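Make the full structure from the sequences, and use the hints.
Going down the list, the sequences are from chains S and B. So the first sequence is numbered by my numbering: it starts at 1 and just counts up by one. So the second sequence is numbered by my numbering: it starts at 1 and just counts up by one.
Calculated directly from the structure, the hints in this document are not laboratory data. Please note: incorrect hints may appear among the correct ones.
It does not matter which identical chain is meant; a pair holds if it fits inside one copy or across any two.
Computed cross-link-like contacts, DSS-like style, restricted to lysine-lysine with a CA-CA straight-line distance of at most 25 Å [what the hints assert, rightly or not]:
no., residue 1, residue 2
1, K82, K190
2, K263, K137
3, K190, K83
4, K278, K263
Treat the numbers as computed from the prediction; the structure is a model and nothing was measured.
Protein chains: 2
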Amino acid sequence: MQEYIRVAVDAMGGDHAPDEIVKGAVDAVLSRKEIRVLLIGQKELLEEKLKPYTFPGEQLEIVQASQVIETAEPPVAAIRSKKDSSIVVGMKLVKNGEADAFVSAGSSGAVLVGGQVLVGRIKGVERPPLAPLIPTKTGVSLLIDCGANVDARPSHLVQFARMGSIYMEHVVGIKNPRVAIVNIGAEEEKGNALVKETFPLLKECRDLNFIGSIEARDIPHGYADVIVCEAFVGNVILKLYEGVGAVLIDKIKGGMMSSLRSKLGALLVKPALKQTVKSFDASEYGGAPLLGLKGLVVKTHGSSKAKEVKNSIIQCVTFQEQHINDKIKENILREDG
Amino acid sequence: MQEYIRVAVDAMGGDHAPDEIVKGAVDAVLSRKEIRVLLIGQKELLEEKLKPYTFPGEQLEIVQASQVIETAEPPVAAIRSKKDSSIVVGMKLVKNGEADAFVSAGSSGAVLVGGQVLVGRIKGVERPPLAPLIPTKTGVSLLIDCGANVDARPSHLVQFARMGSIYMEHVVGIKNPRVAIVNIGAEEEKGNALVKETFPLLKECRDLNFIGSIEARDIPHGYADVIVCEAFVGNVILKLYEGVGAVLIDKIKGGMMSSLRSKLGALLVKPALKQTVKSFDASEYGGAPLLGLKGLVVKTHGSSKAKEVKNSIIQCVTFQEQHINDKIKENILREDG
Chain S
1 MQEYIRVAVD
11 AMGGDHAPDE
21 IVKGAVDAVL
31 SRKEIRVLLI
41 GQKELLEEKL
51 KPYTFPGEQL
61 EIVQASQVIE
71 TAEPPVAAIR
81 SKKDSSIVVG
91 MKLVKNGEAD
101 AFVSAGSSGA
111 VLVGGQVLVG
121 RIKGVERPPL
131 APLIPTKTGV
141 SLLIDCGANV
151 DARPSHLVQF
161 ARMGSIYMEH
171 VVGIKNPRVA
181 IVNIGAEEEK
191 GNALVKETFP
201 LLKECRDLNF
211 IGSIEARDIP
221 HGYADVIVCE
231 AFVGNVILKL
241 YEGVGAVLID
251 KIKGGMMSSL
261 RSKLGALLVK
271 PALKQTVKSF
281 DASEYGGAPL
291 LGLKGLVVKT
301 HGSSKAKEVK
311 NSIIQCVTFQ
321 EQHINDKIKE
331 NILREDG
Chain B
1 MQEYIRVAVD
11 AMGGDHAPDE
21 IVKGAVDAVL
31 SRKEIRVLLI
41 GQKELLEEKL
51 KPYTFPGEQL
61 EIVQASQVIE
71 TAEPPVAAIR
81 SKKDSSIVVG
91 MKLVKNGEAD
101 AFVSAGSSGA
111 VLVGGQVLVG
121 RIKGVERPPL
131 APLIPTKTGV
141 SLLIDCGANV
151 DARPSHLVQF
161 ARMGSIYMEH
171 VVGIKNPRVA
181 IVNIGAEEEK
191 GNALVKETFP
201 LLKECRDLNF
211 IGSIEARDIP
221 HGYADVIVCE
231 AFVGNVILKL
241 YEGVGAVLID
251 KIKGGMMSSL
261 RSKLGALLVK
271 PALKQTVKSF
281 DASEYGGAPL
291 LGLKGLVVKT
301 HGSSKAKEVK
311 NSIIQCVTFQ
321 EQHINDKIKE
331 NILREDG
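Structure below.
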């Protein structure tokens, strides 16, 4: 009998729901026969959306959820009051062991709160960080934490470093990943109170390849594999990446339209430029896992299309196959003892 | 008799000192006859460097300083021990009223510490912020604070907003500048403890055109003129701007070399691309003023060349002509009473 990896997918969350989510789910099951998707949302609507597709029925099932949590809703209240929302239903499937993972492009706040409150933390994990992959000159780096826990304490950052290191090594496949803490200078005595307290703790971690501070300027160059910071700073980094990239590309395109000569050139460089821009787009690298929970929760970008949804679902397979949560449990317990 | 605006210039600080600093100083006095530069550094060396240039002697004078503070030196100790360094000598000229402003491309730390300790704060100013202009899609924004005061308090951020608003209005010439606080979401209830405390205080300021929170993604789009944040976050924003820009341009250039077709196109778009990249380079916009001091201190980028040095010196003229410090004094005193 086939052992499926069961991924619950929020069909109602994100800018392109449900169409692109449904397409991504179908693409995922067609590409990997060990995946079973539980597509969560309004049953009739989803049945309608699935009609054009052909796929093995045992790999994709609809799970009814009548409500939707909107992005603007205060997360805590929404999780409490909308018991039949796609996010709450999906999280509960993970909690009850009926799904191994949950993927959502919906409200970040609701996913973060729901992960903590409904799925629950692994024993010993103080705060579950959100950890997206960001593109660099040489590949990708893991930015951890990026939105889950503002005003974190040094012990949280140390756990982020550990969990991030395990993820990069076993899911992304980087041997002995270089871990650095975001700082405003390269020297050990630089930084704010949080960084100054955290730095010596990271230095003591024998299980980490801690390489010291990283200045924001060096992050895009790929000088570290795991970029540790508290959530406010991480959120600024992730969003500024996106903003600077978008505006710069826009300005370059505009600049190319400034003369006949450059217009002609633009036609010729267009395919190469498109490829480059794509390789520097954070949304190309699947969703951001919320680490340290009893099951895997993956938040994909609100603007996710089918491809990112598919990638996020496949990411859950690697996570499961590599027994990441067992590795986190073992690591956190060892350090506690 | 001509009333000069007297700008002390650190001839020994920065990657291209003294050559580019000397050239920038000469260019500045040649372009504006109301400027008098006090070029600070090792006299014999500077006399030698000035030989190739012709300029009105009464507009440029060398002031001897035998020592240089290196970037790697701990700032507080360096300021204390190197009494005859170009930074200490320059700051003292401002303190003693022998210069109106001081420009340095040298050690950021030493400039920040020296500004506070040697020049001193305007009465009522709690912390002097460093405030560079950053390029946006539509022009420039002032990023305040960007490195001077980590772990700032809400009252500091309110003063940053006030001083930044005065600077943008009277030096950069933006009427009724839009002031925003960097946050991780647009809603008022979002943020870390510092932002949540500061937000209502900014809302109460009748002298400010406070437009609320700004997410990092929207900063490069130019949605606000004055971007308020504490120094750690500001430093991350400034340096990531630089890093993402550099890597993206590099990737685009690399991408264009990937085929014969795009190589040909690259030749045609090269001038337009160069222009665009330049317009998005923070160092094009002169130095960063350290606001709230009894005289003006301007920190220019360590990699500054003659053009940026010249721009920074000219910036001091506008600052002086617009009586920015009188306006800051008046504003801070009014709010205190």
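Hint check results:
1. K82 - K190: between (46 Å within a copy, 21 Å between copies)
2. K263 - K137: between (27 Å within a copy, 20 Å between copies)
3. K190 - K83: between (47 Å within a copy, 24 Å between copies)
4. K278 - K263: Answer is both; intra-copy 21 Å and inter-copy 19 Å each pass.
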